[in-house]
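K.L.:
Listed here are the chains, written in short residue letters.
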Amino acid sequence: MSGGGYQDKRQHPAFYALLTVLIFMSVGPIALMLVNSFKFDVDIISGTSGLLFLPTIQNYETALCDILPYELDHLDYCALKFGGAFINSLIIALISTLLTLIIGCLAAYALVRFRFMGRDTVSGTTLMVRMVPPAVLLVPVFGLWNNEFCIDKTTWLGELIRDIFGGRGDVCLAGTHSGIIIIYIAMNLPFVIWILQSFIVQVPRQLEEAAHMDGAGSFQVFFKIVLPLIKPGLAAAAIFTFRIAWNEYLLASALSDRDTKTVPILIVNNMSEFNIEWGTIMATGMLLAIPPIIFTLFASRQIITGMTAGAVKG
Amino acid sequence: MTPYVFLAPALVIMVIALLYPLAYMVYGSFRDWNPSQTIGETEFNGLGNYIALWNDPNFHESLVVTLKFALSVVTLEMFIGVGLALLLDRSLRGMSVLRTLFILPMMIAPVVVGLIWRYMYHPSIGIFNQTLEWLGLGSVDWLGQHALMSVIIADIWQWTPFIFILSLAALQSLPRSALEAARIDGASGWQQIIYIKIPLMMPVLIVTCLLRLIDAFKVLEVILVMTEGGPGLSTEILALRISRTATEFRELGVAASMSNYLLMLVLILTIIMLAYSKFQEMHAARLRLATKEES
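Going line by line, the protein sequences match chains A and B.
Here the first sequence is numbered in the numbering used here, starting from 1 and rising by one per residue.
Here the second sequence is numbered in the numbering used here, starting from 1 and rising by one per residue.
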């Protein structure tokens with residue numbers, strides 16, 4: 001990426017001007033949201049769209065009202081349960097990322113080392129799965145998770161779960177964290193396998209054979225030799241998986257109930273109201289955007305690798 | 001033994017959470033099905049759902065909107081993204097900063113992107129109309145009269161960087177010898193772009209275009225938050241209509257058959273793109289063979 005063959009001559013200033021404009025255009029809207037999230041609604045609506053305003057963290061307080069340790073003066077009732085949703089989002093995104101990586105790693109390793117399918121077959125499958133819009137999964141997943149993937153409440157396991165967690169009816173996947181996690185794993189697996197494959201191919205076979213000679217089993221070789229060597233690939237895969245699980249709205253909204261709502265659902269629900277509280281909603285949006293922004297700033301190299309690995313190298 | 005153990009978890013998950021649901025959707029699309037019924041209680045109605053949709057003017061409208069949206073965003077983003085990559089393929093300080101900041105719009109949640117743009121397009125408090133009024137140009141009814149255009153602009157903001165970054169990577173991995181040879185032969189900047197760079201980038205450009213096209217059919221949240229499909233049906237893309245049919249109109253059978261139409265549409269476009277790229281590859285191989293025989 002450093003462009004080895006480039007002459008280091010000075011470029012025309014116009015290019016720098018263009019660069020500045022592009023940076024401004026891509027970051028501007030996000031910066032605008034950040035600035036507005038520190039404004040009172042009055043300031044947002046009055047349209048004094050400069051930087052001259054009295055900053056406030058009231059919007060963030062309103063958004064986080066259910067997990068703040070102190071009472072808020074400006075709020076009688078905590079309507080926006082952001083804290084709970086944030087924890088749900090975190091649980092779902094982290095667990096699904098972790099599981100996707102583990103399962104994806106194992107599968108990618110098997111595909112490369114035991115020569116099951118060629119890279120073409122895997123990238124073909126990846127493309128096919130990537131092709132399926134989440135909206136297409138909405139109906140079947142809704143039906144299956146609510147009606148088919150259930151444990152009858154009269155069986156011992158169903159009874160046990162009902163005794164522990166309470167509630168009525170059969171024990172179903174819908175409305176649970178695991179229900180949402182499973183579908184995210186399935187959505188991300190092919191891509192993760194695809195990316196990791198291209199990293200595992202580069203691990204020298206001799207290294208593994210040497211470990212085998214020393215008496216290590218297949219699993220040991222995998223965890224002690226292969227995994228540490230494909231860390232960059234894992235990082236890229238983790239970021240992409242986390243991003244999808246963290247940002248997804250449609251399937252989460254179909255599968256979650258009151259207690260398993262994620263943050264995107266909260267934002268959409270508050271946007272469709274007639275009278276939008278812009279300050280609060282932007283603070284919520286900012287809180288949702290912070291983790292991906294941090295990843296981008298610290299791991300842009302891995303992200304670009306992940307993005308280009310598929311298309312550029314084939 | 002071991003390879004199967006390594007593969008089993010992935011296979012199980014894919015079958016349970018992807019293949020089975022897709023099969024279930026196809027099965028459900030032939031049935032008269034509302035959300036309170038389990039699929040066993042539903043009645044078979046053959047191609048009823050498909051035929052009803054085929055004759056439904058709202059579905060047609062939605063289909064047209066989807067195609068308009070997908071084709072215009074992909075075309076515009078390809079032109080802007082590749083153009084910028086060609087223009088900025090030089091050693092500029094600050095390039096890595098640009099690349100990093102350029103990824104931001106793709107990484108943040110589509111819901112948040114929709115939120116930002118809905119605010120910016122707001123008729124009175126939005127930044128666009130305020131700027132226009134400050135300039136004395138009057139205001140534009142962004143999310144009303146020009147809703148589809150506004151939605152397209154937001155998507156261009158979010159996804160042009162994707163094409164830019166991929167084409168830049170492709171440009172920088174081009175064989176230097178070909179460019180060097182062209183320069184020595186006295187090819188102008190434009191000639192280098194048209195005869196050397198673009199043809200050599202073609203395989204990457206086709207894949208990029210394909211990925212973008214596939215993703216354009218998945219867009220839902222941005223539009224949902226910005227316009228909720230309105231005004232009227234002017235921005236109601238198929239994905240949005242599927243979710244409305246399932247949740248608002250409570251007709252799962254119809255929604256399933258609509259999903260099937262959408263899936264087939266994306267499948268056909270993907271196959272066309274892949275066939276085209278195979279054709280290009282073969283064409284290139286034949287050319288290479290021909291030049292080899294000549295020399």
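Hints are computed from structural coordinates only; laboratory data are not their basis.
There may be inaccurate statements among the hints.
Sample of chain A residues facing chain B (criterion: CB under 8 Å; computed from the structure) [said to hold, decoys possible]: (1) 29; (2) 221; (3) 272.
Calculated from the model, a selection of chain B residues having no Cβ within reach of chain A, i.e. all distances over 10 Å [unchecked claim]: (4) 7; (5) 47; (6) 59; (7) 149; (8) 195; (9) 228.
Just so you know, even glycine gets a beta-carbon here, dropped at the ideal spot from N, CA and C.
K.L.:
Is the claim that residue 195(B) lies outside the interface with chain A correct, judged by CB distances over 10 Å?
P.N.:
At roughly 20 Å from the nearest Cβ of chain A, residue 195(B) sits farther out than 10 Å, so the non-interface label holds.
K.L.:
The output says residue 228(B) does not contact chain A. Does that hold with a beta carbon cutoff of 10 Å?
P.N.:
violated (7 Å)
K.L.:
Could you let me know if the closest chain A CB is still more than 10 Å away from the CB of residue 47(B)?
P.N.:
Nearest chain A Cβ is 17 Å from residue 47(B), so the label holds.
K.L.:
Hey, does the residue 29(A) contact hint survive, CB to chain B under 8 Å?
P.N.:
holds (5 Å)
K.L.:
Against chain B, run the beta carbon of residue 221(A) and see if the smallest gap drops under 8 Å.
P.N.:
violated (10 Å)
K.L.:
Quick one: work out the minimum CB distance from residue 59(B) to chain A and report holds if it exceeds 10 Å, violated otherwise.
P.N.:
holds (14 Å)
K.L.:
When the nearest CB of chain B is found for residue 272(A), is that gap smaller than 8 Å?
P.N.:
For residue 272(A), the interface hint holds, since the closest Cβ of chain B sits about 7 Å away, which is under 8 Å.
K.L.:
Check the non-interface label on residue 149(B): least C-beta distance to chain A beyond 10 Å or not.
P.N.:
holds (17 Å)
K.L.:
Can we confirm that no CB of chain A comes within 10 Å of the CB of residue 7(B)?
P.N.:
violated (5 Å)
When held up to the earlier numbered hints, the structure conflicts with 2, 4 and 9 and fits the remainder.
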